[in-house]
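Colleague: Listed below, chain by chain, are the residues.
There are 2 protein chains.
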Amino acid sequence: MTTQELVDQIEKKKSFLCVGLDVDLEKIPAHLLEAEDPIFEFNKAIIDATHDLAVAYKPNIAFFETYGVKGWESLKKTIDYLNDNYPDIFTIADAKRGDIGNTATRYAKAFFEDLAFDSITVAPYMGSDSVEPFLEFEDKHAILLALTSNKGAFDFQTNEIDGEALYKKVLKTSSTYQNNDRLMYVVGATKAEYFTEIRKIIPESFLLVPGVGAQGGDLHAVCKNGMNDQVGLLINSSRGIIYAGNGTDFASKAREKALALQQDMQVILEAR
Amino acid sequence: MTTQELVDQIEKKKSFLCVGLDVDLEKIPAHLLEAEDPIFEFNKAIIDATHDLAVAYKPNIAFFETYGVKGWESLKKTIDYLNDNYPDIFTIADAKRGDIGNTATRYAKAFFEDLAFDSITVAPYMGSDSVEPFLEFEDKHAILLALTSNKGAFDFQTNEIDGEALYKKVLKTSSTYQNNDRLMYVVGATKAEYFTEIRKIIPESFLLVPGVGAQGGDLHAVCKNGMNDQVGLLINSSRGIIYAGNGTDFASKAREKALALQQDMQVILEAR
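Sequences listed follow chains A and B, in order.
Numbered as in our numbering, the first sequence ends at 272 without a single skipped number.
Numbered as in our numbering, the second sequence ends at 272 without a single skipped number.
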């Protein structure tokens, strides 16, 4: 998917919501456990109930991988279901992969070709030749970790490197990579005050923003500081939506939560 | 596996060789492509031919993941084969995972429980709460990326952060993590001169060293600067061993290359 197609979808749906699929067998409604593939059935119901409110879905790969071959099958079914039924939706493999050249190309092929995701989250530590292989695929995107919303982000990301925070160095250095127009960035919403600084370095790029809701980030503060001419934001909510209910009506409960977020986003978009 | 069991195996085999399984369908001998699972058949033959010379095997997860569900099945068969037939051998999932709390625990369960690896490579960018979940598993190890052997390592790892190179900050900070005695580190062999500095920070830890051979690192220089009382090194070779031959005798060709490395290691161990 091109960035312009993503922007068009945002304007059409009046939403920049991404729904995170962090599906845990211990948390999904009990009646689904009788299905042959409970994880896929859960995802399918959530997607069907929210597809007109969300512009992106983000399966968290760890939650599939933890179930081995069976989990990988559930992942394949989930992404195929999205691509077959809702081809306009932007798909994100939240995999946080990061390895060099040859190996990075293998990961890129796994997620861009075998699974046909539009994008994948990527870790920056190994530098250019661990990121650029993901940027060689037309209409595909690497979403690079910049500033995350967890406690450990302060271990390295905010420390000064060559006179500025490491996450800023990551933004600047990666902006020189080949095909950097296919880069997006992960920026945690718990640090809304950082968005102004970040926009000075990467005014054009889309930002994937976790941490609104469950992790305490404020949607309005993020939008005020982080939005650009093309919106430029994908706000992710995972648990707050998918585990809104735990009964047979879990999908409609999820829709309620997604709708509330979409309506907030519509107000923000219309006030531009 | 405990660190002591790894050390015992090193002393017994007079080897600290790790064989990297980066198995590419385009590179394996043509006759294997007729097998039901060519990747597993290739791995099985390489393992059988080298198990007395190597103390560790390191499947590169990208090379399995790129084949989707089928690749994940080959990975499962490979690790099961190792654990069933050579339980004394140390196994490394070269996955370079890195995500926060809950998600990291899922990755840890995928590799330590479902697949029963002894260890996994982990990326440090997200800090403590992305690494510590991997350290909660008894007799399991997280091998943290410190200084890698690729060009992109100079993008961030060697830059000064708080007055010292980022990779040194990673070594120091991670040494304060809970259960840090279960940490090992990836240190590339192309930078043998760094090993002296690294040993000042982490004298006790095992180092997984890629880059000997194909990437140009020098075994003797690495050992001189990096070895400790418990040896403390696992030297990885992937392509140099597994693609030594391309005919029906590929496994014996691989053995020849592994034997040459093991004999070099034996000389170094006996000269201590």
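Derived from the structure by calculation, the hints contain no laboratory data.
Please note that a few of the clues may not be correct.
Copies of one chain are not kept apart here, so a pair can be met inside one copy or by any two copies together.
Distance condition first, Cα-Cα at most 25 Å in a straight line; then the derived DSS-like pairs of lysine-lysine [stated by the list, open to error]:
no. : residue 1 : residue 2
1   : Lys-200   : Lys-27
2   : Lys-27    : Lys-109
3   : Lys-13    : Lys-172
4   : Lys-44    : Lys-70
5   : Lys-253   : Lys-200
6   : Lys-151   : Lys-13
Colleague: Evaluate each hint against the coordinates.
Modeller: Do the hints match the structure? See the list:
1. Lys-200 - Lys-27: Classified as neither; 41 Å inside a copy, 46 Å across copies.
2. Lys-27 - Lys-109: between (31 Å within a copy, 17 Å between copies)
3. Lys-13 - Lys-172: Result: close neither inside a copy nor across copies, 32 Å intra and 48 Å inter.
4. Lys-44 - Lys-70: So Lys-44 and Lys-70 pass the 25 Å test inside a copy (16 Å) and across (23 Å) alike.
5. Lys-253 - Lys-200: The answer is neither: 39 Å in one copy and 56 Å across copies each exceed 25 Å.
6. Lys-151 - Lys-13: neither (34 Å within a copy, 43 Å between copies)
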